[in-house]
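Chemist: Top to bottom, those sequences are chains H and L.
The numbering used here puts the first sequence at residues 1 to 142.
The numbering used here puts the second sequence at residues 1 to 508.
These are calculated hints, taken from the structure and not from any lab test.
Note that the structure is predicted; figures quoted are calculated from it, not measured.
You may find that some hints are simply not true.
As the list claims (entries may be wrong) - Take a look, some chain H residues computed to stay more than 10 Å from chain L by CB distance:
#1 Lys6
#2 Gly65
#3 Ser96
#4 Ala108
#5 Val110
#6 Trp114
#7 Lys133
What the hints assert, rightly or not - Partial pick of chain H residues on the chain L-facing surface, computed with a CB cut under 7 Å:
#8 Phe36
#9 Val78
#10 Leu80
As the list claims (entries may be wrong) - Straight-line C-alpha distance at most 25 Å; calculated SDA-like pairs for lysine to any residue:
#11 Lys133/H to Lys220/L
#12 Lys220/L to Val16/H
#13 Lys337/L to Ile55/L
Just so it is clear, CB atoms sit at the ideal spot from N, CA and C, and this is done for glycine as well.
Residues per chain, in single letters:
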Amino acid sequence: MKMPRKTVLQGLALAVIGLFFALNSLSYPTGSFAHFGPGRFPLIVSIALLGLAAITLVKSRFDPGEQIHLTVRNIAIVALALGAFVVLSKWVDMASGVVALVFIATTAGVSYSWTRNGLVAAGLIAVALAFEKLLGLPLQVI
Amino acid sequence: MEVLHNLSLGFDQALTASNLGYCAIGCVLGTLVGLLPGLGPLATISLLLPLTYSIPTNGAIIMLAGIYYGAQYGDSVSAITMKMPHASGIVACIDVYKMTLKGQTGLALFTAGLSSFIGGTVAIVVLALLAPSLGQVAFLFGPADYCALMLLGFFCVSVVTTGSLLNGVAMCLVGVLVGTVGTDLESGVQRFTFGLPALADGISVVSVALGCFGIAELTKNLDNREERTPFNGAIRLRPSLAEFKRILPSAFRGSVVGSILGILPGGGPVIAQFVAYGLDKKVSKYRNEIGAGAIEGVAGQAAADEAAARTSFIPLMSIGIPENAVMALMMAAFIIKGVQPGPTMIAQHPDLFWGLVASMWVGNCFLLLLNVPLVRIWLSVFKVPYSVLFPAILFFCCIGTFSINNDIDDVITTGAFGIFGYVLMRLGFDPAPLMLGYVLGPMLEEYFRRAMVLSHGSLTTFVEEPISATLLAVTTLLVIATAISAFRGRAAVRALGLSAFEPEKTAH
Numbered sequence: 001m002k003m004p005r006k007t008v009l010q011g012l013a014l015a016v017i018g019l020f021f022a023l024n025s026l027s028y029p030t031g032s033f034a035h036f037g038p039g040r041f042p043l044i045v046s047i048a049l050l051g052l053a054a055i056t057l058v059k060s061r062f063d064p065g066e067q068i069h070l071t072v073r074n075i076a077i078v079a080l081a082l083g084a085f086v087v088l089s090k091w092v093d094m095a096s097g098v099v100a101l102v103f104i105a106t107t108a109g110v111s112y113s114w115t116r117n118g119l120v121a122a123g124l125i126a127v128a129l130a131f132e133k134l135l136g137l138p139l140q141v142i
Numbered sequence: 001m002e003v004l005h006n007l008s009l010g011f012d013q014a015l016t017a018s019n020l021g022y023c024a025i026g027c028v029l030g031t032l033v034g035l036l037p038g039l040g041p042l043a044t045i046s047l048l049l050p051l052t053y054s055i056p057t058n059g060a061i062i063m064l065a066g067i068y069y070g071a072q073y074g075d076s077v078s079a080i081t082m083k084m085p086h087a088s089g090i091v092a093c094i095d096v097y098k099m100t101l102k103g104q105t106g107l108a109l110f111t112a113g114l115s116s117f118i119g120g121t122v123a124i125v126v127l128a129l130l131a132p133s134l135g136q137v138a139f140l141f142g143p144a145d146y147c148a149l150m151l152l153g154f155f156c157v158s159v160v161t162t163g164s165l166l167n168g169v170a171m172c173l174v175g176v177l178v179g180t181v182g183t184d185l186e187s188g189v190q191r192f193t194f195g196l197p198a199l200a201d202g203i204s205v206v207s208v209a210l211g212c213f214g215i216a217e218l219t220k221n222l223d224n225r226e227e228r229t230p231f232n233g234a235i236r237l238r239p240s241l242a243e244f245k246r247i248l249p250s251a252f253r254g255s256v257v258g259s260i261l262g263i264l265p266g267g268g269p270v271i272a273q274f275v276a277y278g279l280d281k282k283v284s285k286y287r288n289e290i291g292a293g294a295i296e297g298v299a300g301q302a303a304a305d306e307a308a309a310r311t312s313f314i315p316l317m318s319i320g321i322p323e324n325a326v327m328a329l330m331m332a333a334f335i336i337k338g339v340q341p342g343p344t345m346i347a348q349h350p351d352l353f354w355g356l357v358a359s360m361w362v363g364n365c366f367l368l369l370l371n372v373p374l375v376r377i378w379l380s381v382f383k384v385p386y387s388v389l390f391p392a393i394l395f396f397c398c399i400g401t402f403s404i405n406n407d408i409d410d411v412i413t414t415g416a417f418g419i420f421g422y423v424l425m426r427l428g429f430d431p432a433p434l435m436l437g438y439v440l441g442p443m444l445e446e447y448f449r450r451a452m453v454l455s456h457g458s459l460t461t462f463v464e465e466p467i468s469a470t471l472l473a474v475t476t477l478l479v480i481a482t483a484i485s486a487f488r489g490r491a492a493v494r495a496l497g498l499s500a501f502e503p504e505k506t507a508h
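For reference, chain L alone in the conformation it holds in the complex:
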C-alpha cells in the first residue's frame, strides 16, 4: 500500500504540465541526438546536460532521464534502419537489420518500441518495490565497504564495457586521477593545478564528458570519412495478430533479464541485451529463426535494454554508487542540481525520487506514442549531411561548456579532453570507465581516508569488515575468472554467433 501511496505522490509530480513538458522535450531531443551517427547515450547526455541548468531540480532530473531513454531508443532506431549502432543498439543490429533487409523495417521498429515499453514498465515496478529497501541496506555500509563496492564496480564495468579488464581498470584509475585535480577539501592544498585558477575548482564533468565523448567521437567519425545514404525504405508499422503474439513472451523474458542485470554492479543495457538475446536463442519457440531476422531476436533484447536502463537507477538512488558510466554522468547531474543520490535521497527528496520513478513510465508512454508513429520524421535527421551536422555539434559542445561558468576559457579544457579522449580511443582504450573513475574518484578518496582514520591507518580493515571482505572476495574471483576466460578465448561470444561484434565496439 505504501508503494501505491508513494507512486501516487510521484504521479502528482510527474503529471504537472511543466514536468510533462520537460519529459516530452527530453525524450524527443534524446531520440533526435541519439539517432546521430556515433552519438550514444553517454555523448547525448553530455551534449544536452547544460540545457537543464536553468530548469528547476525536479524538472531537470525528469528531463535528463527522458534524454537518456530517448537516446537509447534513438540508438535502436539507427541500428534498425541503418545498421549504425553506437552501444545500446549493438545486439539489435543482428536480427533487426536482417528484418530491414527483408522489408520488415516497420515491424522491427514496432517490436522494438512495444518491447521497450513492456521492459520499461516491468522495470519501474521492480524499481518502486526494491529501491527503498535497498536504501535501508545501504545504511549498513561503512567507509571500507563503500571503497570495496566502488572497486567491485570498477572491475565489473571494465569487464563488461571494454572486454579487457586491464585496460578498463587502467582507464578507471586515470579517471580517479583526473578527479583529484583541484583543491583538496581537507587540507586546502591545490593539486595538479599548476597555478591555473581555472583548475582550482577541479575539472568540470561537462568538460570531461563533452571532450572525451563529444569531440573525440566526432573526430573519430570524421576519420572514417563515410558518406551515409539516408534511409528511404517503406515503413509498415501495423503488425498482424500472429506477429503481435510472438512479441509478448520474448519481451517479458527480456524484461525480467534486464531488470535483474540492470541492478548488478557493472550491469546495464549492453550486457542485458546480450544475455536476453542468448536466452531467447536457447528457450524461444522460434529459436531456429533467431539470427536470420526473427521477431524474438528483436523483442527480447529491446525489452532487456530498456528494463536495464531503468533498473540501473536503483544502485545510484538507493546506495549512491553509480554502476556504469551513464549513471556516473547522471550522478554528476544530480549533484549539480544540489541532490546527493544515496540512502537519504528517498527520505530527503521523496517528491523528486517518486516523481522520477513515475516520470519513467510517462517517458515510456511518450516513447511509444510519439516516437513509434513519428519515426519517419525522426529518420529525416539522416538526410542532413554530416558536413553540416558536425560543425553544429562542435558549436553546441562550446556553448555547453561555456554555460557552466560563463567562461569561454573552459572550452580550452574541453578541447584538451577532446584530444586526450581521441588519443585514448585510437590507442584502443575505452573512455567510458574513465568517466566512472572520474565521478567516483573524489568519493573513493573520501571514504578511503575515512576508513584509514577509523582503523588508525591499518589496511587490514578492508578484510576485517564482513561486507568489505565479501565484496573484495567477489572482486578477486572476478579477476581470476576473467584471467581464465581470457586464456580460453571468447567461446561464449562465438557460441552466440556474435563474433563480428568485438567487445571494443560495445563500449559506452
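For reference, chain H alone in the conformation it holds in the complex:
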C-alpha cells in the first residue's frame, strides 16, 4: 500500500490529535466564557488545532510534500527495550532490567556483539549501584 505524502499525513495527524482532545473535552463541563468549566480551554485549543489541520489538508491539495519513509523497526526495538526494562525492574530487579535494555536495544545498531553488550551492561549496572549506594536513589539494583 502506498503511503500518503507528507503534508497529507501532517494534516491527518493534527486532525486526529485535535479530535481526540476536542471529543474528550466535551465530556467535562465547559461552562461559559465568564465562568470557565474544566473542558472549555482544551476545547478552544483543540478547535484551533482542528482549524490548522484543515488548512494543512487544503494546502496538501496544492503541495502534497515528499514521500515519507517511516521505519518502524528501530523505534519498536527501543520501545521493546524500555518495556522490558520496566517489567524486569518491577518484578525481578533493575540489574536484569539493564541487561535486557542493553541486549534488546543494541539490535537496532549497525553491529551486534555479545561481549561488548555484556561489558556495557556490567558498566551500567555499576553506575546504577553507585547511584543507589552513593546518592541514595531507591533503584533496587540487585
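Knowing the structure of chain H, use the given hints to seat chain L on it.
Modeler: Structure of chain L alone, referenced to chain H:
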C-alpha cells in the same frame, strides 16, 4: 552603582566553593553530552536535569545554566571538527568546517572559544543593566497582555525554529493540550487522565523532554545508521597576532547582534547566528573571504550564539515568559526548584538572580580556560562507538525519569512520548515548539481564564487593552509577513548562501 553592588552580591554567591564546583561540573558535563551526535542543548538539558534534583536551589540553577553554555559550546566543537551540528552550531558549519579542511581546526576552535567569551561578557553586562528595569515593565502587564505575549511567543518561535508557521503553531497547540492533562486546579476535575493515577498530577516535564528529545533523537540517529570516523586531525591552538586582530571586530559585532536578538520573543542563538553571519558578510573588511573558511565567518556567529544564549534569560527572569524551547525547559527547572521566574524573582530571590548572572561570567571563564585547551580530550568522546553510547543514553533516560517520583512506571510515559516525538519528527514536525506550548500551556489557561473573568466573558478585552492590542497587532503583522515571504520563496536565505541548510534542520 546599584548594579555594581548587586553584581558584588552575585559574585559572593557564585564564587563560593560549592557553586564554583557546580558551575564547573555543569560546563564540563554539558560540553561532553553536547558533543554527542544528535544531542543539542535541549536534549542535553533534558538528560542532565534530574542530576540537579538533590542539589540546593542556587547551585542547581547555576549548574543548569553551566550545562546550557557547555552544551552550546560542545555543539560548536562537533560542528567545527566533524560537521555534525545539532542546532546551535548550524552556521558554524559553513566557514568553520572549511577552515578544518584547510588544516586550521585549532584556529577555528580558538576563535569560537574567544568569541564566545566576548559575546558572553557583553551579554552579561546587558543582562545586569536591563533585566531589573524590564521587570518593572512586567508589572504593567495584565492577564490579557500576558496571553497576547504568549501568543506572540508561539508565533515567533514557530517561524524561527521550524521555518513553517503552520507546523510550528500546530506543535505549540499540541504542547498546550498535553499541558492540560492532569487535575484542573480550579475545579479539581481530572482531565484526560482516563483513571490512571500516574497522570493525575499531569505529565512531568522530564518525561516530555526526554521522550521527545532524548529517545526520539536517539532513534532518529539509529535510523541514519552512520558510522562516524573519529577526528584525528592535528590541532594548533595558538593564533598569530594578525589572526587575533581579525577576531575582535567580528566578535564585538556579533556580541551586539546576539544580545539584541536574544531578548526578542522567539529569538535566541539560532537566529542570532544567521543575522551575525549575514552582517559580517556585508560589513566585514574580509567579507569576500567569508564562506570559504574565514575567521570572521566564525567569530561573529560564535559571539552572537553565546550572547543570545545569555540574554534569552532576560524575558524569562524579568517577565516570567520563556522566549524559546530551551528557556521553557529552564523555566520548568526553576519551578521544580521552587522558584517562580518573573518580575518578583529579583526582589524575592536577589541572591539567586544575581548569583546566576555572576555565575554566567564564571561559566564563561570555565569554558575559555577548561574547554579550549582541553578540546583534544573532549574530542576523544567521538572514539566511543555509537553502539556503546546509545544503550547508555537510553539507560540514563530511564534513570532520569525514575528519579523524579522514584516510580519506574514513569519510564512508560517517557517511552510513549519517545514514540510520539519520533512520529512527529518523521512527519516533518519539530517538537521544540511543543515543549514551549507544554510549559506555557497551564499559564496561558490561567491568564486566559482570569482575563475572561475580569471582562465578564468578553473576548474584546484583548483588543481593548493597549498592550494586548499592540502585541496582537504585531502577531498579525508577523503572520501576514510570513505568508507573503512564503509565497516569495526564501530569497534571504539563498542570498546568504545558506540554501544547503533547510530551516527544518535548524530546529531545537
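Chemist: So, for every hint listed, does it hold in this structure?
Modeler: Hints, verified against the model:
1. For Lys6/H, the shortest C-beta to C-beta distance to chain L comes to about 5 Å, within the 10 Å cut-off, and the non-interface label is violated.
2. With a minimum CB-CB distance of about 7 Å to chain L, Gly65/H fails to clear the 10 Å threshold, and the non-interface call is violated.
3. With a least CB separation of 13 Å from chain L, Ser96/H remains clear of the 10 Å interface cut-off, as annotated.
4. For Ala108/H, the requirement that its beta carbon stay farther than 10 Å from each beta carbon of chain L is not met, with the minimum near 5 Å.
5. A beta-carbon of chain L is positioned within 10 Å of the beta-carbon of Val110/H; the least distance is around 5 Å.
6. Annotated as non-interface, Trp114/H keeps its C-beta farther than 10 Å from every C-beta of chain L; the closest such distance is 12 Å.
7. Every CB of chain L lies more than 10 Å from the CB of Lys133/H, the least distance being 14 Å, so the non-interface label holds.
8. Taking 7 Å as the C-beta contact cut-off toward chain L, the hint placing Phe36/H at the interface holds, the least distance being around 5 Å.
9. A hinted interface residue such as Val78/H counts as satisfied when its beta carbon comes closer than 7 Å to some beta carbon of chain L; here the least separation is about 5 Å, so the hint holds.
10. Of the supplied interface hints, the one on Leu80/H is violated, with its beta-carbon coming no nearer than about 10 Å to a beta-carbon of chain L, more than 7 Å.
11. Using a Cα cut-off of 25 Å, the hinted pair Lys133/H and Lys220/L is violated, with the two alpha carbons roughly 34 Å apart.
12. Using a Cα cut-off of 25 Å, the hinted pair Lys220/L and Val16/H holds, with the two alpha carbons roughly 23 Å apart.
13. Restraint check for Lys337/L and Ile55/L: satisfied, since their Cα atoms lie roughly 9 Å apart, inside the 25 Å limit.
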